[in-house]
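Q: Guided by the hints, dock chain B onto chain A, whose structure is given.
The listed protein sequences derive, respectively, from chains A and B. Using the working numbering, read the first sequence as starting at 69 and increasing by one per residue. Using the working numbering, read the second sequence as starting at 887 and increasing by one per residue.
Don't read these hints as lab results, they were simulated from the structure. Ideal placement from N, C-alpha and C gives every residue a C-beta, glycine not left out. Incorrect hints may have been included.
[To be verified] Footprint (simulated), chain B over chain A, 3 or more residues, beta carbon under 8 Å:
hint, segment
1, 88-99
2, 111-121
3, 135-145
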Amino acid sequence: MDETGLRLDGNACGGLLQEVFVDDLTAATGACASCGAVGEIGRQHLYDFPDGPGAVLRCSACESVLIVIVRIGGGHRLSTPGLAWMDLRQHA
Amino acid sequence: MARAAIQRRLNWHLAEVLDVVRETPRASSVVLDIPDWPGHLAGQHVDVRLTAEDGYQAQRSYSISSAPDEPRVTITVERLEDGEVSPYLTDELRTGDRLELRGPIGRWFVWDEEDGGPLLLIAGGSGVCPLMAMLRQRAANASRVPARLLYSARDLGAVIFRSELERLGTGGGLEVSLTLTREPSPDWTGYGRRVDAEMLADVAWPPERMAVTYVCGPTPFVETVAESLVALGQDAGRIRTERFGPTGG
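So here's chain A without its partners, still in its complex pose:
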């Protein structure tokens, strides 16, 4: 099976995102820094294996890495290598 068979939706990492941001982010809108596509976090492609070290969220249009969250030492390490911006208004 190639990696696309392991794909989930960003909606599935709502709980993990709330560990970091408190607020729900699945309905927030973000933009891909690589291709410029704009869409809800819940709509992006998620790779997060059960009991794995963390989650990778990729752009649903071009598969560039948007957000990486690693569970580490009782907390998290967050990186946003391909996220141009995120708009939190819609779910305020």
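A: Just chain B now, kept in the frame of chain A:
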């Protein structure tokens, strides 16, 4: 319920199991009493965490199948034979047990009446669970939003909520279509194959109706359905998907 009202820090809670209802040979509904539950939206899920005596933890997400207005929260779980969590939930859990969970989670794969319609719901296997919450809410509110459900299952015995769907599908603006992927009996009058473009063309609303669409099931199922719907002219921006992935359970 105002959506802003349920925003708060996500904490783990110990829920009490009020009942475990066998839905099919492989699927069970777990009825829960959850302290300080803030209410949920149809389509949301919870994270369930099991902890072994040696401290090992396994965590999975399960969709809420009960409507927001019901007094108790129900999750419906299908057993995966090699799963770490689902066999415990479907076969070991008993009334009075405690279950650690957090939620409700997710504000994207959700529907309520203000999201409008017509509604197109497409389920593969236990992907029907979050869609059932939407249909139950629609029925509880006597909503006039027209709705269609296309539900793919292995065989008739694997159809979760079968009798309730039959009841909900008689009048009231909901049309339920079942497809059985394993040799249906000769007297079966529904579809008898995997969901394909032709079936979706039959069931889907015409693109100009601008349907609100939710697709839930195993990852390959969801991707095939979503791609076919877009090829049929449906607006990709109005299709919301929830993939299970192959591992889960």
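Q: Each of the hints needs a verdict: does it hold here or not?
A: These are the hints, each one checked on the structure:
Using a Cβ-Cβ cut-off of 8 Å, 5 residues of the segment 88-99 of chain A lie near chain B, which meets the minimum of three, so the contact claim holds. Beta-carbon proximity to chain B at under 8 Å applies to 4 residues in the segment 111-121 of chain A; the threshold of 3 is reached and the given coverage holds. Residue count for the segment 135-145 of chain A with a Cβ under 8 Å from a Cβ of chain B: 0. That is fewer than the three needed, and the coverage hint is violated.
Checked against the numbered hints above, the structure breaks only hint 3 and satisfies the rest.
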